[in-house]
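Number of protein chains: 2
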Amino acid sequence: MKVNGKNIRPIWLCHDSKLVKIIDQRRLPHEFTIKELQTVNDVIMAIEKMCVRGAPLIGVTAAYGLYLAILNAPVKTVGDDYLIKTCNKIKATRPTAVNLAWAVDKVLAEVLKAKTSTEKIDVARKAAGEIAEEEAERCRKIGEHGLCLIEEIKRNQKEGTVNLLTHCNAGWLACIEYGTATAPIYAAFDKGIDIHVWVDETRPLNQGARLTAWELGKHGIKHTVITDNAGGHLMQHGMVDIVIVGTDRTTSTGDVANKIGTYLKALAAKDNNIPFYVALPSSTFDWKLKNGIKEIPIEERDSDEVRYIQGFDKGKTRNILIPPESSSAANYAFDVTPARLITGFITERGICKATEDDIKRLFPEKDDGRQMTEDGRRMTEDR
Amino acid sequence: MKVNGKNIRPIWLCHDSKLVKIIDQRRLPHEFTIKELQTVNDVIMAIEKMCVRGAPLIGVTAAYGLYLAILNAPVKTVGDDYLIKTCNKIKATRPTAVNLAWAVDKVLAEVLKAKTSTEKIDVARKAAGEIAEEEAERCRKIGEHGLCLIEEIKRNQKEGTVNLLTHCNAGWLACIEYGTATAPIYAAFDKGIDIHVWVDETRPLNQGARLTAWELGKHGIKHTVITDNAGGHLMQHGMVDIVIVGTDRTTSTGDVANKIGTYLKALAAKDNNIPFYVALPSSTFDWKLKNGIKEIPIEERDSDEVRYIQGFDKGKTRNILIPPESSSAANYAFDVTPARLITGFITERGICKATEDDIKRLFPEKDDGRQMTEDGRRMTEDR
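Those protein sequences? They're chains H and W, same order as listed.
Heads up: the first sequence at position 317 corresponds to 316 in numbering that gives the first Met the number 0, and the numbers run straight through without jumps.
Heads up: the second sequence at position 194 corresponds to 193 in numbering that gives the first Met the number 0, and the numbers run straight through without jumps.
What the hints contain is simulated information worked out from the structure, not anything from laboratory work.
Just so you know, these numbers come straight off a predicted model, no measurement behind them.
Treat the hints with care, as some may be off.
Which copy? The list can't say, so a pair holds if one copy fits it or any two copies do.
Stated by the list, open to error - With a straight-line cut-off of 30 Å between C-alpha atoms, the simulated BS3-like cross-links for lysine-lysine are: (1) K48 / K313; (2) K5 / K352; (3) K293 / K269; (4) K34 / K313; (5) K153 / K1; (6) K153 / K293; (7) K313 / K140; (8) K289 / K48; (9) K289 / K112; (10) K315 / K293; (11) K315 / K48; (12) K221 / K293; (13) K125 / K190; (14) K289 / K313; (15) K217 / K190; (16) K112 / K153; (17) K352 / K293; (18) K269 / K352.
So that you can see chain H by itself, here it is in the shape it has in the complex (with noise of 0.2 Å):
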């Protein structure tokens, strides 16, 4: 997306491919700082530290980082066992992401068939552009099923602006093109239509504020940031007509794990009548998980994310601590929005209701109840 009007996204090869850079996302939105990655080492780090973060994102840049580590292989003739160790590192910096590890083994697997060193390294970068071609293919089709919305609610308002509300940031930087909350957004932006997004700043790590603000302030899109106690008001006031959020964890029943506060704002627009959509890529299903809120573990992270705030003061990144020093505080990332809150899922299929029925509708081939998507994958990263 653009970015200063230039098309940019979070992670690209250059000089002959044989270097990796990315958008340092922890600066963002003070500061713009573009990070080289020359070796796997470069990538577990960046990895590690968060200069990367949501579930596509990591997964390719994983991927990019197993073709670094063939490209730079010590030795000439790259062996499997090799191969092996380094996936299992670049496995071991994230744990959780199931994306991660896909994309890894994705890429190992073609590289398993080649023969030649060369084609081992041509064989990996065109695997792991691939994926990120795949990702961003997604999210643009989530992005064309969800503009028919944000149409129609234009078509019945005539005249004004589209007010839609989000919860966090499922945008570009998270997805490598358009996002998944964020693809109808720019599709309908792009397409002429007047809209204005109320962004949620999503603490404790404030990504909406820090991230998606940035996102669609870098694209030309209005938009306010809120907090996120102020959904609430602006729908009982006619101000938000339509919400559309991301999933970390989707249930086959149509439950949804997405970032805390996100259950907050489904109940408000069930109580005021507004359209609650969530946009998802397949992948997030987990296709044998049935309740939500009993079988969905959530993730507590440290404390500290909730008593420091990461902000910008006389030229600086800096931590400031809110609550007293003595105050525990308490980090539950997520939280499940039940199904019966969700008016439907915009999916790279199309739109279905937030049913089991109807989400066998569109996915049919896993009405068996298989466990994983056809390419084995679940996101379960999206910070």
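With chain H fixed as given, assemble chain W onto it according to the hints.
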């Protein structure tokens, strides 16, 4: 309430009643500063700069302001003109604070009856002191009635901790003693009931994380700071037994305007069948109002309160910027929780349902639809 083992109020008279001392609440929780107010101008500054906040405390501070003005009057014989001019100056500090004007006028009415300068000084000091004691007593009674609810939960669960959740700061820092929402909490703690409080940080100004957490911690009450996003998840998982919040303005039909985000917590409580109580002195009823969402105007405050957050770093209280410099923000200070989501009101007269009939049962003298409480007072400030 207790701070470092000593009983303290947010305001008190000292040095032979020659000066007023206050806790400078702007610096909490990281700096505990006592500020001396020697003149009416000191008082005006303290209210304007929000060293004191919360309707009852602002009222008491203003009342002491008039007292200091008379005590330090430039001429020996204080004329009515001087008194009225001074009152207007004090009232202008926060024009929407109805409580402030009410308290100043109450002291003025007493002073105008007095004859000699010495008498005027005595009468003013006494009137201001009475207002303080009345505020404290109202809160004490709220605590007494609310305690019954906590005792009932304790009886039903037999063992373990009673978990409460509160939003913002409706504590003693705003109310001389006990607070409103916190009054039942202090009462239960002092009775030895095992309680734990989930403290919503309450963005944008973080009065929960900064003030409520500080109050509870200083009194020795177990508490955990959470983001405003977290309450719904906690309620889904049985980790909250009761929610108690304050109110800034309450309709005769039971709708409640309170700090932004209260509505979202009420929705979650309802969805999870958890009792949701509002603690209030009856002075917050605006008897002429019937529909909170339509009739209560919601103050929109400076957007920089959303964009910047105050915290502590390297021995200094600082403000840091969160979203991109170019992103705008909206800052609605309150929202309205409809009566249908409220289990009941805890008032100084007892507990009632959030219905017009049950409110009238407790306050039968209001049945004629008169606008004001007996003393003509409402609260609109609870910053």
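Hint by hint, here is what the structure shows:
When the C-alpha separation of K48 and K313 is checked against a cutoff of 30 Å, the pair qualifies both within a copy, at 24 Å, and between copies, at 24 Å. When the C-alpha separation of K5 and K352 is checked against a cutoff of 30 Å, the pair qualifies neither within a copy, at 37 Å, nor between copies, at 59 Å. For a Cα distance limit of 30 Å, the shortest separation of K293 from K269 qualifies both inside one copy, at 22 Å, and across copies, at 19 Å. For the homomeric pair K34 and K313, the shortest alpha-carbon distances inside one copy (23 Å) and between copies (29 Å) are both at most 30 Å.
Proximity of K153 to K1 under the C-alpha cut-off of 30 Å is restricted to the intra-copy arrangement: shortest distance 24 Å within a copy versus 57 Å between copies. With identical chains, the CA atoms of K153 and K293 are at most 30 Å apart between copies only, with a shortest distance of 26 Å across copies and 38 Å within one. Taking the closest pair of Cα atoms, K313 and K140 never come within 30 Å of each other, the shortest separation being 42 Å inside a single copy and 48 Å across copies. In this assembly of identical chains, the alpha carbons of K289 and K48 never lie at most 30 Å apart, being 34 Å within a copy and 54 Å across copies at closest.
Proximity of K289 to K112 under the C-alpha cut-off of 30 Å is found in neither arrangement, the shortest distances being 38 Å within a copy and 74 Å between copies. For a Cα distance limit of 30 Å, the shortest separation of K315 from K293 qualifies neither inside one copy, at 43 Å, nor across copies, at 44 Å. Taking identical chains as interchangeable, the C-alpha atoms of K315 and K48 lie at most 30 Å apart whether they share a chain (19 Å) or sit on different chains (27 Å). Taking the shortest Cα distances, K221 and K293 sit within 30 Å of each other only across copies (28 Å), while inside one copy they are farther apart (39 Å).
Within a single copy, K125 and K190 get their C-alpha atoms no closer than 32 Å, and across copies no closer than 69 Å, so neither meets the 30 Å cut-off. Taking identical chains as interchangeable, the C-alpha atoms of K289 and K313 are never at most 30 Å apart, the minima being 50 Å within one chain and 49 Å between chains. Taking identical chains as interchangeable, the C-alpha atoms of K217 and K190 lie at most 30 Å apart only when both belong to the same chain, with a minimum of 17 Å there against 57 Å between chains. Taking the closest pair of Cα atoms, K112 and K153 never come within 30 Å of each other, the shortest separation being 51 Å inside a single copy and 66 Å across copies.
Taking the shortest Cα distances, K352 and K293 sit within 30 Å of each other inside one copy (21 Å), while across copies they are farther apart (33 Å). Taking the closest pair of Cα atoms, K269 and K352 come within 30 Å of each other both inside a single copy (15 Å) and across two copies (25 Å).
Comparing the model with each numbered hint stated earlier shows that hints 2, 7, 8, 9, 10, 13, 14, 16 do not hold.
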